[in-house]
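J.: Listed here are the chains, written in short residue letters.
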Amino acid sequence: MAKVTLTVNGRTVSGECEERTLLVHFIRDKLGLTGTHVGCDTTQCGACVIHMDGKSVKSCSILAVQASGSSVTTIEGLSSQRELHPVQAAFKEHHGLQCGFCTPGMVMTAVDMINRHGGKLDEATVRHELEGNICRCTGYHNIVKAVLSANAEMQAGRQAAE
Amino acid sequence: MGVEGIGARVTRKEDKRFLTGKGRYTDDMSVPGMKHAFFVRSPHAHARIRSIDVSAAKAMPGVIDVLDGKQLQADGIGNLICGWMIHSKDGSPMKMGAWRPLAHEVVRYVGDAVAIVVADSSAEARDAAEAVVVDYEELPAVTESLVALEAGAPQLHPEAPGNLIFDWQIGDPDATDQAIASAAHVTEIEIHNNRLSPNPMEPRATLGIYDTGDDHYTCYTTSQNPHVARLVMSAFYNVAPENKLRVIAPDVGGGFGSKIYIYPEEIVCLWASRKTGVPVKWVSDRTEAFLTDAHGRDHVSKVKMAFDADHRIIGLKVDTIANLGAYMSLFSSCVPTYLYATLLSGQYAIPAIHANVRTVYTNTVPVDAYRGAGRPEATYLLERTMETAARELGLSPAELRRKNFIRSFPHQTPVIMNYDAGDYEASLDAAMEAVDWKGFSARRAEAETRGKKRGIGMSCYIEACGLAPSAAVGSLGAGVGLWESAEVRVNAVGTIEVLTGSHSHGQGHETTFAQVVADRLGVSIDSVNIVHGDTDKVQMGMGTYGSRSGAVGMSAVVKALDKVEAKAKKIAAHLMEADESDIVIENGELKVAGTDKTVPWFQVALAAYTAHNLPSGMEPGLKETAFYDPANFTFPAGCYIAEVEIDPETGKTEIIQFVAADDFGNIINPLIVEGQVHGGLAQGIGQALLEDVKYDRETGQLLTASYMDYAMPRADDLPFFKLSHQNTPCPGNPLGVKGCGEAGAIGSPPALMNAITDAIGDNSLTMPATPMKVWQALQTAH
Amino acid sequence: MYATGYHRASSVEEAVKLKGQHDEGRYLSGGMTLIATMKQRLAAPTDLVDLRHIADLHGISVDGRNVRIGAATPHAEVAGSSALRAICPAICDLAGKIGDPHVRHMGTIGGSIANNDPAADYPAAMLGLGATIITDRRWLSADDFFAGLFETALEEGEMVTGVTFEAPEKAGYAKFANPASRYALAGVFVARRADGVRVAVAGAGADGVFRHSGMEEALAASWSPDAVAGAAVDARDMLTDMHANGEYRANLVKVMAKRAVIAAG
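Protein chains in written order, with my numbering: chain A, 1 to 162; chain B, 163 to 944; chain C, 945 to 1209.
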């Protein structure tokens, strides 16, 4: 057994787990944060995407012990539960989700994508950047629309702040 | 329509919980004392089990117990069944082989469950599963339907000699043969419909809880139809009587058909919970999903379409062989028969049709309904044939279709269906306009200058949805009725709960069902809660599949609302001392028409529950239930056009445009309907370009058992879709809706294949049109 | 995943020592291949020695046209390095096409080349650039390092610490992805250097990453997309699997070589 200490959604947590425990299972089973999902075994579907030390990663392919000492943000910590993050709001506005299972990973991916591209996002880039996230419901149409829309809104927000 | 009523583009009520990680899926459920299951599965496609030794596994760390099929059978748990009886043309019933939840005599596909390990953690359960020693005597295996029918092929079930499950027909063979004999032109084609894995993103999961105190079972499960699951598990599998079994399907992460069926795992976990005394949870991983979730499609057909000198279709003859896998899944028999061959008239007036369908056992996972279920197979066959015929006859694809469209309704086809309404030309015109068909030749010429090959292809589809009139399906062999139920429960303060037997696993019922109520009663959708997915809360219902939740599920809500409204009006009339027939409901108030007398909705509700001042003899309360049984199927239809560009150097197909023009009847929420179409299109495009379940022919090993080998459509495989609607209201239900959940998957594969074959000039290409297959076709052509 | 042990190293010396204590242990870098393989129970190291926290293994240094990349540098960092892009954009573009954004945040260059997956991209870049692979004990040319499917010249306990190369005059990479896995069905890295042309192929060869001498000669004679069209690629040397046969892969190698030259300019 190993001791794992993480900062999750701003709160320091620690717990014991087997060395083989994946980060996603630590988050789901030990911390009870079940918004992060598992949809495949091969690091491809992206339902498990979280942010670790500010970068999007697949929590199904990282051991909890590997992540120990890191700062993690899950879908539950993206916004206050009262108000949606602009990306979450755009997904709702544009119907970018149906069954909701891939959604947390999609949203975390979109936030990371927008952060990295600093507003310079076009349709082709969004589609390329979604390579690691599989959705079976939406045909991606409204997801791509939502990401582009959130990006425009967040850019406008940044410019207004400047 | 109000801002939130029928037809309003309302964003979804359920979204916030999914967007903030608060969805509650089966794997999110946790109860005290819960343990984890792992299934020991057959590594062989076909083998006899000599013995199973669980002693070493039982001694492994964390193991609670290891249970096998002999124990299961000894406890009286029954075999899995197919719930739709089909008779062969010689009158004999279909040949159903035994499907044991845990095999202990013979395993028939890779992944067939043999034993369950229950342990403290799923990792420990899996560790111990490797220590279960199963002594197999390997038997020869067969994976392809055509091979399974050959003399000397490996035999799967003693009940089904020659692996033939049934040999069924529909239509008039003689009239069809005569039409072909007298035809001016006959188009002949062989059609392969590739095998698919549904792949909802949430893998199947179940949590079985046996309560010793009450001798009661609770089953959390990833189901599209929890009541049917309870019924079948009680009536056929002897898990427990219905009153001792609660089935809960909480948030479910997509189904697409694959979560209609009752699988071995939920039965075994419930039984294992009783045996071990602990709650038992099982969660599939993705490879297990590929190995055990029911697959879709897998047809091989020979087609003859006969034309007169005026290019009118005079006959259609189809000979289909459908692969049903190793066992007959719950609705497997109706998919290649009544959901398929009854749609072979398409949008066309065809006087004579004959279809023969043979279904076959093979050493592969069972095949059942997957989004579209039979209708994509019919549409692909028909629309590939129409395109081929147009090329052979030297006609434009649109011209040949226009010539043969059905133009007056109702229209009785020679294969049971009676189409109630439609305007096929309207969709064709709209699609051709949207894609700029006229400008295509210029675009093709421009592509040539860049060394690329452009093609354009269309598909005019029809489907039968709103499953289904109970008496009709009963006469065709269904073991259940396909009505739906609703209870509208008005609370004393006027807020409303609607309990529906439909189940939402992405379709947005919490929003659209509320819109129907809001439209009728003038209340806000926030004051309406939709309750579904729990057999203890909701009256018996039939669940969601076959694009039935709108046409059947919402119609039940309307029927219940009729009763609620009638009673509310009686109360209002009494309160306002007016005549009941003068009461109208507007903006959340009950009014006496033509006066300024009103009583707010909530006061009527309150009056119903205080019961201080009700009409004489009236029962207190405001809660009504309705069961709605449709009189007919509904017939969504439309025209899809794909324009593709092929890179001849690599064979890769790029979709330049995809246009969908649909007739869904009235639309409750366009935002959600569009989303349904997008998703269906992606799955149909996936079938045409990417997806293909492959088994090794010799060993029966599944070769596409993960996303490394099974190509799922990604965002960069798809374009933005161009949608439009040309709606003719459905006359058969109170809302005039037809259903939209499957259209995209039904109509899109032939449009793409017609476009690709148009681009490369090779009509023999089969799905999926992978870059390599397209490249090879181009090499042969040159 | 089978049970395993975990050890976090803070220096190369500590890592090598830890690894030496566990015969059946493995070095763990980003883990994007190893963890996935362990999850499928296809690998069962008794212990993992985590290299991700060794500061010396991180970072990209550019000195004139000389480049050194630390083994634990993630793909995203290579893809996004402006210093590297200024002298060798091809490797940035290649790194930006590995896996997906999340994989690129974790996966490392050292992990990729030590694993030498035949369908991975980096081995083609190393071979094409004529890079030198640096380990805890020696410097190896890429030509000597890669030794067939999932095989390298690494000895027991030996650890890749970085790679170094001189930026070529021109370089380009083009890959055709497997529609399912998105790994390369064929990926071709071309580089023109003062001492000649190198063409390295990933994804297609039956024995893993390889150099194509015919194309190298053709491009040395004439650096143009058309030059590779005449080169012979023998389908019998290509991998054949359920996704693509040898003929198709041989064709893709030629087409991707042409496109790599175009990308190189």
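Derived by calculation from the structure, the hints in this document are not laboratory data.
Model, not experiment: these values are computed from the prediction.
C-beta atoms are modelled at their ideal positions from N, C-alpha and C, and glycine is treated no differently.
Treat the hints loosely; a few may be bogus.
[Unchecked claim] Reference excerpt, derived from the structure (chain C facing chain B, CB under 10 angstroms, subset only):
1) Met945
2) Arg985
3) His1002
4) Pro1123
5) Ser1125
6) Tyr1127
7) Leu1183
8) Met1186
9) His1187
10) Arg1203
J.: State for each hint whether it applies.
T.: Hint by hint, here is what the structure shows:
1. Met945: At 7 angstroms from the nearest chain B Cβ, C:Met945 passes the 10 angstroms test, so the hint holds.
2. Arg985: OK, holds: C:Arg985 within 10 angstroms of chain B, min 8 angstroms.
3. His1002: violated, 30 angstroms
4. Pro1123: holds, 4 angstroms
5. Ser1125: At about 4 angstroms, which falls below the 10 angstroms cut-off, the nearest Cβ of chain B leaves the hint on C:Ser1125 intact, so it holds.
6. Tyr1127: Holds: closest Cβ of chain B sits about 8 angstroms from C:Tyr1127, inside 10 angstroms.
7. Leu1183: Since the shortest Cβ distance to chain B is 13 angstroms, the answer is violated.
8. Met1186: Hint on C:Met1186: holds, closest Cβ of chain B at ~5 angstroms, below 10 angstroms.
9. His1187: holds, 8 angstroms
10. Arg1203: At about 9 angstroms, which falls below the 10 angstroms cut-off, the nearest Cβ of chain B leaves the hint on C:Arg1203 intact, so it holds.
Of the numbered hints given earlier, the model fails hints 3 and 7; all others are met.
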